[in-house]
Amino acid sequence: MKLSHVQHLYNRVGFGITPKNLARLSKKSKINVVNELFDSSKKISVLKVDTSFLKGKTYKDFKTKEQRKELQKISKKKVSEFSIAWFLRLNNPSEILREKMTLFWTNHFVCKSKNIVFTESYNNMLRKNALGNFRSFTKIVSKEAAMLVYLNNKQNNKKSPNENFARELMELFTLGQDKYTEQDIKESARAFTGYSHRFRGEFNFKQKNHDENEKTFFGKTGNFNGDDIIDIILQQKQCARFISEKIYRYFVNENINKKHIDEMVNVFYKDYNIEELMRFVLLSEWFYDEKNIGTKIKSPIEFLVGMNIVVPHKFEKPKQIILLQRLLGQILMSPPNVAGWKTGRNWIDSNTIVTRLRLPSVLLNNAEIAYSEKGDEEAMINNLKKRKLRRNTFIKVSADWSSFDKHYKNEPNAELINYLITSKINKGTLEVLERNQQLSKRDFVLQLMSLPEYQLC
Amino acid sequence: MKRRDFLKQSTFASGMFFVPQFLKAFENNPMIKPFSHKKVVIIQLKGGNDGLNTVVPFNNDIYYQQRNNIAIKQNNLFKISDEVGLHKSLQPLQKFHDKGFLSIINNVGYPNPNLSHFRSTDIWQTASDSNEYLQNGWVGRYLDYTKGNPYNAIEVDECLSLMMKGKTQNGLAITNPKLFYNSMRSPFFNNVVSNYKDAHLSEHNLGYLYNTMIDAKSSAKYIFEKSSTKSTSDEYPENLFGKQLKTIAQFINSGLETQVYYAGLSGFDTHANQTNTQERLLRIYAESLEVFLDDLQKNNAFDDVLVLTFSEFGRRVKQNDSNGTDHGTANNVFIMGKNLKKQGLYNKLPNLANLDKNGNLKYEVDFREIYATILDKWLEVDDVAILNKSFSKLDFV
Chain E
1 MKLSHVQHLY NRVGFGITPK NLARLSKKSK INVVNELFDS SKKISVLKVD TSFLKGKTYK
61 DFKTKEQRKE LQKISKKKVS EFSIAWFLRL NNPSEILREK MTLFWTNHFV CKSKNIVFTE
121 SYNNMLRKNA LGNFRSFTKI VSKEAAMLVY LNNKQNNKKS PNENFARELM ELFTLGQDKY
181 TEQDIKESAR AFTGYSHRFR GEFNFKQKNH DENEKTFFGK TGNFNGDDII DIILQQKQCA
241 RFISEKIYRY FVNENINKKH IDEMVNVFYK DYNIEELMRF VLLSEWFYDE KNIGTKIKSP
301 IEFLVGMNIV VPHKFEKPKQ IILLQRLLGQ ILMSPPNVAG WKTGRNWIDS NTIVTRLRLP
361 SVLLNNAEIA YSEKGDEEAM INNLKKRKLR RNTFIKVSAD WSSFDKHYKN EPNAELINYL
421 ITSKINKGTL EVLERNQQLS KRDFVLQLMS LPEYQLC
Chain B
458 MKRRDFLKQS TFASGMFFVP QFLKAFENNP MIKPFSHKKV VIIQLKGGND GLNTVVPFNN
518 DIYYQQRNNI AIKQNNLFKI SDEVGLHKSL QPLQKFHDKG FLSIINNVGY PNPNLSHFRS
578 TDIWQTASDS NEYLQNGWVG RYLDYTKGNP YNAIEVDECL SLMMKGKTQN GLAITNPKLF
638 YNSMRSPFFN NVVSNYKDAH LSEHNLGYLY NTMIDAKSSA KYIFEKSSTK STSDEYPENL
698 FGKQLKTIAQ FINSGLETQV YYAGLSGFDT HANQTNTQER LLRIYAESLE VFLDDLQKNN
758 AFDDVLVLTF SEFGRRVKQN DSNGTDHGTA NNVFIMGKNL KKQGLYNKLP NLANLDKNGN
818 LKYEVDFREI YATILDKWLE VDDVAILNKS FSKLDFV
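Residue numbers (the numbering used here), protein chains in the order written: chain E, 1 to 457; chain B, 458 to 854.
These are calculated hints, taken from the structure and not from any lab test.
Treat the hints with care, since some could be wrong.
Straight-line Cα separation of at most 25 Å, DSS-like style, residue types lysine-lysine; simulated pairs [stated by the list, open to error]:
#1 B:Lys819 / E:Lys69
#2 E:Lys63 / B:Lys775
#3 E:Lys154 / B:Lys814
Counterexamples of contact, computed for chain B against chain E with all Cβ distances above 12 Å [unchecked claim]:
#4 Ser493
#5 Ala528
#6 Arg576
#7 Thr578
#8 Thr583
#9 Tyr608
#10 Glu612
#11 Cys616
#12 Ser640
#13 Asn652
#14 Lys654
#15 Ser779
#16 Lys814
#17 Asp823
Where is the CB? At the ideal position from N, CA and C, for every residue including glycine.
Work out the full structure: start from the sequences and follow the hints.
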């Protein structure tokens with residue numbers, strides 16, 4: 001397989017690739033490279049943080065308001081611990097494709113919870129189903145505690161149906177805008193009545209809250225439950241198309257090619273097998289088309305993790321990982337709303353571009369970055385006159401430059417460009433880089449990572 | 458060669474990246490009116506300020522019944538009518554009220570209110586319906602419409618809120634013009650920026666990245682150079698909010714061509730022991746705003762400024778067991794400006810005897826009517842094009 005194609009593949013299904021791996025894989029055929037990718041993602045490594053504070057506890061232990069408040073406080077801390085744990089795993093995953101797919105699904109089945117048990121369960125559920133069957137996946141999502149809370153299906157009962165989940169199920173998770181009627185929403189909401197969960201998040205179907213009457217949905221009439229509704233939705237070819245388009249935009253190109261999508265729909269519609277669909281995409285000729293290489297704007301997470309593959313580094317204060325994600329506009333486990341993060345050019349505004357171009361120096365060359373205290377802390381410091389209100393800080397990072405030196409020791413600076421940048425390079429910038437060839441390898445790689453071109457993969 | 462192409466090319470060739478506003482506007486859309494001097498300063502009281510303890514119906518029995526421990530007593534208010542008093546922490550604003558520079562719009566909200574901070578903030582910022590998820594904000598769409606520059610809408614923060622993001626143009630988040638400017642001034646960046654030659658790339662993502670970088674650099678330069686000519690001497694309170702307003706005043710007094718500013722004050726989520734917290738926060742709000750407005754007046758800049766203060770929602774009428782209040786719905790909005798058409802109370806206070814099934818206030822004024830009014834009557838643009846819908850206009854400006 002061509003070097004540049006292996007590189008492209010790993011940029012999209014992972015976060016980049018080391019020269020050593022690149023050399024090894026380029027000796028193999030495409031089918032073998034892709035097979036290895038799927039084989040290495042067969043395993044499911046559950047992600048967990050320490051939740052021993054809940055050991056032996058039941059809902060009875062949280063009856064008073066104070067107890068619940070205390071629980072929320074700990075839980076909130078644990079959720080950001082989980083967010084950091086996931087980021088660290090993404091930096092060094094054993095199942096690359098599975099983790100990237102999990103990241104993809106967090107921006108599809110978008111959900112957010114303050115409860116660490118629900119958060120952990122939901123994220124691992126995405127991981128388990130990331131390459132599985134979309135039908136069972138969707139049904140499981142509808143029964144996860146985090147989702148029942150997030151889209152109010154917990155409050156959905158036959159006396160006063162709550163349509164929030166039913167609406168988003170069709171608009172954002174399966175069919176897309178305007179592919180259903182308001183009546184479809186009303187009827188399907190009734191089918192999801194009675195869905196609830198227990199203290200630890202187990203699904204709990206409350207028969208007495210469920211509407212047993214007939215519902216008419218997409219022209220079919222019956223006493224449907226939620227699973228039936230999902231089955232009917234998946235009969236619509238539009239569902240296979242909607243998911244195919246989303247995968248195409250994320251892994252291939254933001255601009256849809258109808259012919260390619262038609263091919264994907266044909267593969268996906270017959271049994272909604274996600275692995276099969278992904279295999280088809282990654283083995284297709286068009287995935288490696290020149291117009292798909294080096295043209296996608298990296299998400300903040302892709303950008304951050306990608307830098308770590310080039311120059312591995314550790315954060316001395318792990319919380320600063322979240323600070324960086326905030327400045328770049330994507331905090332893991334904390335999507336802005338149920339529609340998820342807006343991707344592509346939406347990642348880039350005047351502020352985030354400046355932060356991105358500065359970040360390599362901030363992380364790897366001790367440059368300063370400005371930030372202000374936020375959120376809960378802000379209320380407190382409003383009154384503290386002496387405390388500095390806004391501070392510039394150093395992100396304390398220990399960088400493993402020796403690993404970089406080892407990986408790239410045989411590559412002259414001119415070659416480094418090819419390893420780090422897959423997009424076309426602006427002519428003037430290329431001239432600047434040519435003039436800077438005499439720089440040390442470390443300085444040169446910092447410059448490369450500080451370019452607009454480096455924002456693309 | 459068309460004029461538009463010529464302008465673009467000459468900018469790049471000369472290495473001068475700041476295109477003056479009138480040229481850019483002209484270049485993109487000759488129909489757009491020249492720069493308006495009117496400005497809007499938007500302040501969000503984040504967390505949901507308790508409007509009922511801010512604008513207090515001190516003769517209302519229901520109010521005192523529902524809020525046994527936390528109702529504001531008459532001696533802790535300054536009265537603005539026979540029935541209504543403002544929280545004593547707002548005292549610094551009294552002189553503006555007395556001059557007719559304050560208009561209080563009551564019962565502002567929207568249909569099917571959402572009680573989540575994040576969701577309701579999104580709704581206010583995007584001007585959407587409560588079941589509609591928009592991916593751009595109303596100020597961002599204003600920039601789209603006016604084909605503005607990033608610096609035409611400034612948020613005093615490090616990250617840009619959804620409100621400031623449009624479909625084709627975003628505002629700018631800035632806290633420290635000097636730092637922002639300096640971070641783009643390394644010789645390497647200068648080199649990369651001044652060597653950007655492939656103007657034809659602008660259709661592609663790479664061109665977008667370069668253009669955003671160049672925009673950021675020229676905005677940073679513009680703001681830094683223009684605002685450093687004027688430093689403000691007034692003593693602003695030493696807190697984040699005071700500092701935000703000080704920055705805004707400096708920008709306005711320097712004549713920056715910015716039409717919308719956005720600042721915020723956090724901590725209003727008073728579920729427990731509300732009295733002290735709210736007292737402290739409203740004092741920070743009013744003291745900072747007083748210095749700010751005085752500062753503008755001294756610089757003859759107040760005439761062109763309208764200050765809009767909102768909160769993502771109000772709070773439950775009945776207090777809870779922790780001497781606090783839970784998330785509510787409709788709330789009051791403060792409008793401050795020099796030439797208000799309706800001064801003092803814009804409309805009647807909420808009817809506490811007529812609540813929704815959760816014990817929350819029913820809204821009377823859709824918040825988007827306020828936006829529509831500001832867009833149409835103050836900024837003089839097409840509000841329907843920006844809000845995607847037609848709303849009736851109010852009569853405060």
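> For B:Asn652, is the shortest beta carbon distance to chain E beyond 12 Å?
Replying inline: 3 Å, violated
>> Just want to verify: B:Ala528 was marked as not at the interface with chain E; is every Cβ pair farther apart than 12 Å?
In response: Nearest chain E Cβ is 22 Å from B:Ala528, so the label holds.
>> For B:Cys616, is the shortest CB-to-CB distance to chain E above 12 Å, so the non-interface label stands?
In response: 6 Å, violated
>> Would the non-interface assignment of B:Lys654 survive a Cβ cutoff of 12 Å against chain E?
In response: 4 Å, violated
> Once the closest CB in chain E is found, is it more than 12 Å from B:Tyr608?
Replying inline: Answer for B:Tyr608: violated, closest chain E Cβ roughly 8 Å.
>> Need the status of pair E:Lys63, B:Lys775: alpha-carbon distance at most 25 Å?
In response: Holds: E:Lys63 and B:Lys775 sit about 22 Å apart, inside 25 Å.
> Far enough from chain E: is every CB of that chain over 12 Å from the CB of B:Thr578?
Replying inline: The claim breaks: B:Thr578 does not keep its Cβ more than 12 Å from every Cβ of chain E (closest is about 10 Å).
> Would the least Cβ to Cβ distance between B:Asp823 and chain E come out above 12 Å?
Replying inline: 21 Å, holds
> Closest CB-CB distance from B:Ser493 to chain E, is it above 12 Å?
Replying inline: The claim holds: B:Ser493 sits with its nearest Cβ about 22 Å from chain E, beyond 12 Å.
> Is the nearest CB of chain E more than 12 Å from the CB of B:Ser640?
Replying inline: Its Cβ does come within 12 Å of chain E, the nearest being 5 Å, so this is violated.
> Just checking, B:Thr583 versus chain E, shortest CB gap more than 12 Å?
Replying inline: Contrary to the label, B:Thr583 does not stay out of reach of chain E, its closest Cβ about 10 Å off (not over 12 Å).
> Any Cβ of chain E at or closer than 12 Å to B:Ser779, or is the non-interface label fine?
Replying inline: For B:Ser779, whose nearest Cβ neighbour in chain E is about 7 Å away, the distance does not exceed 12 Å, so it is violated.
The structure fails to meet hints 1, 6, 7, 8, 9, 10, 11, 12, 13, 14, 15, 16 from the earlier list, while all remaining hints are met.
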